Amino acid sequence: MTPEEQNFMRKIENEEKIEPKDWMPEEYRKNLIRQISQHAHSEVIGMQPEGNWITRAPSLRRKAVLLSKVQDEAGHGLYLYSACETLGISRSEMIEQLQTGKAKYSSIFNYPTLTWADVGAIGWLVDGAAIVNQVSLQRTSYGPYSRGMIRICKEESFHQRQGYEAMLALAKGSPDQKAMAQDALNRFYWPALMMFGPHDSESAHSQKSMEWKIKRETNDDLRQKFVDQTVKQIEVLGLEHPDKNIKWNEERGHYDSSDLNWDEFWSVIAGNGHCNRQRIEHHVAAHDEGEWVRDAITAYNEKKRVKKAQNAA
Amino acid sequence: MTKVTEKLELFEVFVRSKRGLDHKHVGSLHAEDHEQALEYARDCYTRRSEGVSIWVVKSNDICSSQEDDADCFYDPSDDKPYRHATYYVLPDPVNNM
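For the protein sequence lines, the chains are A and B, in the order given.
In terms of this note's numbering, the first sequence opens at residue 1 and continues consecutively.
In terms of this note's numbering, the second sequence opens at residue 1 and continues consecutively.
The set of hints was computed from the structure by calculation and includes no laboratory data.
Computed from a predicted structure; not experimentally measured.
Keep in mind that the hints are not guaranteed to be accurate.
Using 20 Å as the maximum straight-line C-alpha spacing, the simulated EDC-like pairs for lysine to aspartate or glutamate come out as follows [claimed, not checked]:
| id | chain 1 | residue 1 | chain 2 | residue 2 |
| --- | --- | --- | --- | --- |
| 1 | A | K21 | B | E35 |
| 2 | B | K80 | A | E5 |
| 3 | A | K21 | B | E39 |
| 4 | B | K18 | A | E13 |
| 5 | B | K18 | A | D221 |
| 6 | A | K172 | B | E35 |
| 7 | B | K24 | A | E16 |
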């Protein structure tokens, strides 16, 4: 190892954070850019399935809450893009990678939101799973990412609670409403578990990421945490658990559960989910339609600059 | 006679006490330029290993909101209690989410 590498590894081993101007291995930088930009893209694309329901939420209160949540997601995207930019990649490069499919986003957002209950299920399960992951990432070794995660986790708790509250209202409502809640749970439970990524043995980037403390816990450990915490939540709703094999294992101190449909997982990642094409097309269209706004900002700044220069002369 | 501090620019000093933490504002000082401000800040604010990194920013470059305007500046958020986690009342067994 070179002295630079030794110094870098010493910091990692001592639980010190790596900061933007520190020397870091090129692979560490690349790994971070891939993970943080994917995380940012997920926040941004994640606005679409929920945005679909803002105008149709069942009350003014629910509309306001949902609007606030989606607004938060945009903010989280911004924190993460900014953290990623400290690694030397530009915002426009990242957007291009998203739009050309070179960069991924969480496959959960390729599932459609068919009913109002889906919005509740997303807040409760999808944000719930994201929180499990993000709490762990608060201890990631890259300073700007870690600080972004701490901020995001603080804001995210409301997302899960509003989702659960909406599910509770349906689950305790009419038989039709309860059926709608059960259907949303059945559809979103499995993809939520897939959010933690493939089994550790199949995960291409996991080992190096763990070594460098970019990731602090493995995919399977985080998934287990989520499985465990969700059992009680389903029980309180009075709904049926979608996994018929869920069973407390005294010896492990965890719930045993069914394996996931990994063919579905890889197929959605490969671009064949229900909404993959629609999500990117929508992003491209929104980006193109917004071009005049970005142009106007640049033009206005230029106008101000010229004026200032003239006044100074 | 012009005082030297009037000729020198004012800088705000931010110190990161430990890797991974935010830079925190610790005070200000006069200096001729950024380089000098960094050295002064080191001598002035980190004599007892208070920091691992220092930022200096010209005070004039800081654009700040006015506390007197706080009421109307933050007004758009005041009527949105639903942005807080505590707004949602959940049954006890699941209230830790």
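For each hint, the structure was consulted:
1. K21(A) x E35(B): The given pair, whose Cα atoms are some 17 Å apart, holds under the 20 Å limit.
2. K80(B) x E5(A): 49 Å, violated
3. K21(A) x E39(B): Answer holds: K21(A) to E39(B) is near 19 Å, not above 20 Å.
4. K18(B) x E13(A): 16 Å, holds
5. K18(B) x D221(A): 30 Å, violated
6. K172(A) x E35(B): It is violated: about 65 Å lies between the C-alpha atoms, which goes past 20 Å.
7. K24(B) x E16(A): Cα-Cα ~18 Å, so holds.
Taken one by one, the earlier hints fail for this structure at numbers 2, 5 and 6, listed in ascending order.
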